[in-house]
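Chains as they are written, first to last, in my numbering: chain A, 53 to 469; chain B, 6 to 261; chain C, 243 to 398.
Quick caveat, the hints were computed from the structure, so don't treat them as lab data. Hints should not be assumed to be uniformly reliable.
Under the rule of at most 25 Å between Cα atoms (straight-line distance), these lysine to any residue pairs were calculated in the SDA-like manner [as the list claims (entries may be wrong)]:
hint, chain 1, residue 1, chain 2, residue 2
1, B, K188, C, D339
2, C, K244, A, L171
3, C, K299, B, T234
4, B, K47, B, K58
5, B, K188, A, F439
6, B, K202, C, H378
7, B, K96, A, M343
8, B, K58, C, A323
9, A, K252, A, L171
10, B, K126, C, R355
Simulated restraints, written as ranges between beta carbons of each label pair [as the list claims (entries may be wrong)]:
hint, chain 1, residue 1, chain 2, residue 2, range
11, C, D336, A, S446, 52 to 58 Å
12, C, L371, A, P428, 49 to 55 Å
13, A, F337, C, R265, 40 to 46 Å
14, C, E383, A, E68, 34 to 40 Å
15, B, K231, C, E395, 34 to 40 Å
16, A, K109, B, D164, 54 to 60 Å
17, C, I263, A, F337, 44 to 50 Å
Okay, the calculated bits of chain B under chain C, using three or more residues with CB under 8 Å as the criterion [claimed, not checked]:
hint, segment
18, 58-65
19, 89-103
20, 165-174
21, 245-258
Glycine included, C-beta positions come from ideal geometry on N, C-alpha and C.
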Amino acid sequence: MPDEIIVHGIEWTVKELFVYPNEYIYWSIQIVMYPYMTGLVAGAFVLSSLYHVFGQKQLKEIAQFSLVFSLALLPVAALPLLLHLQQPLRAMEPLLTPHFTSAIAAFGIVFTVYALIVLSEIWFVYRKYFVEQVHALKDQPGLSNAMRHMVYRILTIGAYDVDVDAIRVDKKAATVLAAIGIPVACFLHGYAGFIFGSVKANALWMSPLMPVIFIMSAVVSGIALCMLTYIVIREWQAFRRRRQGGILEASEIKGAEKHVIDSATRYLVGFLVAAISLEMLDLIFRGYTAMKSWDILRSVMYGKDFMNIFVLQYTLGNLVPFVLLLLPGRTMKRTVLALLLVLFGVFMMRWNVVIGGQAFSLSFSGYMHYEIPIIPHSVETFKEGLFGALTVISVPFILFWIINKFVPSLQRETSGE
Amino acid sequence: MTCSRRAFLKDAVGGTLASVLPLSAFTFISSAEAKAAIAESKVRWAFLVDTTKCVGCGLCVKACKNENEIPYDAEVTRTWVERYVITKDGKAHIDSPMGGRDGFTSMEIDGEEIEPDNIDKAFFVPKLCNQCDNPACVQVCPVGATYQTNDGVVLVDRDWCIGCGYCIMACPYGVRFFHPVHKVADKCNFCYHRISKGMEPACVECCSFGARRLANLKDPDDPVTKIITTERVAVLKDEYGTKPHVFYLGLDANVR
Amino acid sequence: MKWHVLRPLWVAIGLIGAILIARVFLVPDDFGVHGRNFTYGFHRLSNVQEWKDFPVKYQGREACVECHEENVHMLDASTHATVECENCHGPGVDHPDGVESLPLDTTRDLCLRCHAFLEYPNSARGDLLSIEDRRHRRRSECIKCHNPHDPKEDMR
Numbered sequence: 053m054p055d056e057i058i059v060h061g062i063e064w065t066v067k068e069l070f071v072y073p074n075e076y077i078y079w080s081i082q083i084v085m086y087p088y089m090t091g092l093v094a095g096a097f098v099l100s101s102l103y104h105v106f107g108q109k110q111l112k113e114i115a116q117f118s119l120v121f122s123l124a125l126l127p128v129a130a131l132p133l134l135l136h137l138q139q140p141l142r143a144m145e146p147l148l149t150p151h152f153t154s155a156i157a158a159f160g161i162v163f164t165v166y167a168l169i170v171l172s173e174i175w176f177v178y179r180k181y182f183v184e185q186v187h188a189l190k191d192q193p194g195l196s197n198a199m200r201h202m203v204y205r206i207l208t209i210g211a212y213d214v215d216v217d218a219i220r221v222d223k224k225a226a227t228v229l230a231a232i233g234i235p236v237a238c239f240l241h242g243y244a245g246f247i248f249g250s251v252k253a254n255a256l257w258m259s260p261l262m263p264v265i266f267i268m269s270a271v272v273s274g275i276a277l278c279m280l281t282y283i284v285i286r287e288w289q290a291f292r293r294r295r296q297g298g299i300l301e302a303s304e305i306k307g308a309e310k311h312v313i314d315s316a317t318r319y320l321v322g323f324l325v326a327a328i329s330l331e332m333l334d335l336i337f338r339g340y341t342a343m344k345s346w347d348i349l350r351s352v353m354y355g356k357d358f359m360n361i362f363v364l365q366y367t368l369g370n371l372v373p374f375v376l377l378l379l380p381g382r383t384m385k386r387t388v389l390a391l392l393l394v395l396f397g398v399f400m401m402r403w404n405v406v407i408g409g410q411a412f413s414l415s416f417s418g419y420m421h422y423e424i425p426i427i428p429h430s431v432e433t434f435k436e437g438l439f440g441a442l443t444v445i446s447v448p449f450i451l452f453w454i455i456n457k458f459v460p461s462l463q464r465e466t467s468g469e
Numbered sequence: 006m007t008c009s010r011r012a013f014l015k016d017a018v019g020g021t022l023a024s025v026l027p028l029s030a031f032t033f034i035s036s037a038e039a040k041a042a043i044a045e046s047k048v049r050w051a052f053l054v055d056t057t058k059c060v061g062c063g064l065c066v067k068a069c070k071n072e073n074e075i076p077y078d079a080e081v082t083r084t085w086v087e088r089y090v091i092t093k094d095g096k097a098h099i100d101s102p103m104g105g106r107d108g109f110t111s112m113e114i115d116g117e118e119i120e121p122d123n124i125d126k127a128f129f130v131p132k133l134c135n136q137c138d139n140p141a142c143v144q145v146c147p148v149g150a151t152y153q154t155n156d157g158v159v160l161v162d163r164d165w166c167i168g169c170g171y172c173i174m175a176c177p178y179g180v181r182f183f184h185p186v187h188k189v190a191d192k193c194n195f196c197y198h199r200i201s202k203g204m205e206p207a208c209v210e211c212c213s214f215g216a217r218r219l220a221n222l223k224d225p226d227d228p229v230t231k232i233i234t235t236e237r238v239a240v241l242k243d244e245y246g247t248k249p250h251v252f253y254l255g256l257d258a259n260v261r
Numbered sequence: 243m244k245w246h247v248l249r250p251l252w253v254a255i256g257l258i259g260a261i262l263i264a265r266v267f268l269v270p271d272d273f274g275v276h277g278r279n280f281t282y283g284f285h286r287l288s289n290v291q292e293w294k295d296f297p298v299k300y301q302g303r304e305a306c307v308e309c310h311e312e313n314v315h316m317l318d319a320s321t322h323a324t325v326e327c328e329n330c331h332g333p334g335v336d337h338p339d340g341v342e343s344l345p346l347d348t349t350r351d352l353c354l355r356c357h358a359f360l361e362y363p364n365s366a367r368g369d370l371l372s373i374e375d376r377r378h379r380r381r382s383e384c385i386k387c388h389n390p391h392d393p394k395e396d397m398r
């Protein structure tokens with residue numbers, strides 16, 4: 053097997069002026085996707101917990117959905133890393149020999165703990181449903197029913213007690229887990245921010261604000277995605293039922309609930325304000341203190357990356373949706389547009405941090421330009437190119453569709469309420 | 006119901022603690038036989054680069070590639086030479102074509118022909134891994150694939166590195182890269198396989214001008230150590246707190 | 243007490259236990275803290291010896307003088323005394339046992355590394371005799387006229 057001598061990063065890096073010989077854009081699109089996906093996970097979970105822990109009743113419908121969606125997003129958060137690693141077969145090593153001085157090692161543990169919390173919380177919320185399904189499918193004919201019966205039996209983990217006290221205990225446990233899960237979700241995404249913020253060698257990343265900025269924008273993106281998916285699915289379901297015709301109940305043709313969206317929007321705007329304020333603070337401090345790196349940072353931020361940072365991220369991704377969401381007479385269409393822009397804005401924030409941090413050389417005397425591979429012509433240009441990113445973004449929806457078949461999150465009547 | 010919740014929490018915490026105790030059986034601490042590795046070493050490797058002697062021939066880069074099996078035409082290298090041409094307008098023109106592998110034979114830098122009358126000063130700066138005392142690259146490795154030996158050299162375990170690239174991002178000096186064939190992190194290791202046998206690193210051996218020299222800081226009779234301790238030397242980017250162990254004579258303020 | 247609440251906890255503990263057991267098989271026995279502290283010394287100990295065993299390529303002049311006494315002595319007495327044999331002849335590796343003859347680089351490019359004229363003031367480069375490549379016998383190899391083992395000798 054001929055070993056192809058490809059310098060990792062050379063195909064999508066264009067160097068300008070003086071850049072150290074070994075410098076390339078090593079952390080490319082998949083490392084942009086990874087904090088984006090973990091941010092969606094954390095945000096979806098926080099949204100769900102706002103109902104379970106803080107009793108925000110208006111969020112009940114979306115809470116159920118975002119909890120399950122958070123689970124669908126979880127494996128996808130690890131997918132970009134698997135695609136990025138030069139040795140993906142050794143991916144378990146951070147769990148086997150974690151070097152805890154590294155943020156990435158700690159992340160492996162936090163991620164596992166968080167996954168267990170989400171899985172456990174879903175189990176407590178849906179356990180009654182699982183038991184009901186086991187009984188309902190018990191003697192049903194057909195292979196598909198038998199398989200579903202088996203799946204539900206496994207999902208109950210042998211806990212069939214569904215009397216009143218048991219259900220009450222389930223609910224309490226779910227609440228406790230939702231509460232514990234909030235700091236863990238914050239940790240999960242704070243660590244992603246710490247991974248960047250603690251790299252003193254990188255003049256753009258190095259900042260104590262980085263973990264906090266990441267958490268804030270993570271929650272923003274999570275809430276936005278859940279709201280968006282909730283609206284789309286509800287409207288689609290209502291549309292389908294209306295097309296069927298016949299006599300319909302009012303509740304069947306109602307799409308997304310306005311009060312749910314209003315409530316979620318308030319939280320979204322709050323976190324958005326926090327995220328923007330922190331980023332502005334970081335920028336102002338850098339400009340004011342004008343450290344050694346400021347000259348090159350300024351030329352990157354106000355010059356080469358001006359479009360990416362100020363037009364795409366701050367204006368289109370932050371300011372415009374902010375205005376759209378706060379102007380009176382907000383319609384569902386306007387909300388959807390604002391949510392799409394918010395999701396885009398958070399993605400651009402990740403892009404501007406990861407790629408932006410590699411846009412200038414360690415020498416402070418040169419630049420690197422990232423040309424993302426569009427049409428893949430090798431495994432590497434697929435993994436670290438546009439199609440790799442598209443794969444990552446589409447997998448959660450596929451997973452959600454599969455999980456939803458066993459853990460229905462969009463029905464108006466579920467257990468553990 | 007309150008007692009159920011309390012009991013639940015108590016059992017949960019207790020159960021977790023109980024599962025942690027057997028962890029002590031899977032300890033990270035080495036056994037007695039490995040204590041020798043922790044023992045004080047009589048050697049601390051360091052390096053002295055004399056930029057006043059370097060002529061930019063690049064034979065060191067070529068030797069390094071041959072000695073350490075870095076693919077010759079790959080645009081990565083364990084060591085490199087930078088050329089600095091400071092013109093009268095105060096501008097620094099810097100280049101390092103292929104890391105200086107083929108030397109510098111033309112006055113052209115970045116497609117620009119520099120007029121000799123316009124030059125204030127010009128010099129060459131060899132660079133390599135600084136084998137820092139506080140290596141940021143080792144600190145950030147998530148799996149313990151890179152580490153520092155007790156004689157100061159930072160090595161990479163090729164069989165354990167997962168190729169995440171965190172060490173490469175963490176190095177302020179840009180000395181690390183992904184090996185194009187082994188697909189793991191790689192960097193200069195002072196030719197550890199040679200210095201452990203009493204030989205010199207390949208780049209030191211092949212430098213005809215004495216611009217590169219190896220030192221053992223713990224040996225007071227080492228002539229290079231004497232230069233480091235008695236003459237005026239500088240290091241690169243000491244503001245990062247890495248405590249680099251490659252010392253420079255004649256390091257100019259323009260050097261990045 | 244509804245004990246079923248602890249089921250997920252047992253599953254979690256089982257998973258962690260599985261990882262710890264996997265660790266016994268998948269992690270080499272000599273993996274641990276060998277060195278200063280956990281931060282800088284966490285690694286697989288046997289890797290150090292693996293690096294020490296990495297094959298040496300450049301042998302140094304002492305290895306050449308055994309058979310090539312005449313050339314080495316000539317070189318030692320010349321202005322090229324500090325130029326290593328292997329800079330031009332390539333790394334010795336296991337010559338003459340494995341490789342009968344080393345690939346000698348006779349191109350102009352090799353000599354131009356040092357001897358291409360760069361008009362740099364106050365530079366060590368200026369101390370070397372140098373030529374402007376375009377103006378000095380463009381089509382010939384340098385060694386046609388200049389003896390690399392004794393550059394002052396005229397070979398013409």
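Verification of the hints:
| no. | hint | result |
| --- | --- | --- |
| 1 | B:K188 x C:D339 | violated, 32 Å |
| 2 | C:K244 x A:L171 | holds, 19 Å |
| 3 | C:K299 x B:T234 | violated, 32 Å |
| 4 | B:K47 x B:K58 | violated, 30 Å |
| 5 | B:K188 x A:F439 | holds, 22 Å |
| 6 | B:K202 x C:H378 | violated, 44 Å |
| 7 | B:K96 x A:M343 | holds, 20 Å |
| 8 | B:K58 x C:A323 | holds, 16 Å |
| 9 | A:K252 x A:L171 | violated, 36 Å |
| 10 | B:K126 x C:R355 | holds, 20 Å |
| 11 | C:D336 x A:S446: 52 to 58 Å | holds, 55 Å |
| 12 | C:L371 x A:P428: 49 to 55 Å | holds, 53 Å |
| 13 | A:F337 x C:R265: 40 to 46 Å | holds, 43 Å |
| 14 | C:E383 x A:E68: 34 to 40 Å | holds, 37 Å |
| 15 | B:K231 x C:E395: 34 to 40 Å | holds, 38 Å |
| 16 | A:K109 x B:D164: 54 to 60 Å | holds, 56 Å |
| 17 | C:I263 x A:F337: 44 to 50 Å | holds, 49 Å |
| 18 | 58-65 | holds (count 7) |
| 19 | 89-103 | violated (count 1) |
| 20 | 165-174 | violated (count 1) |
| 21 | 245-258 | violated (count 0) |
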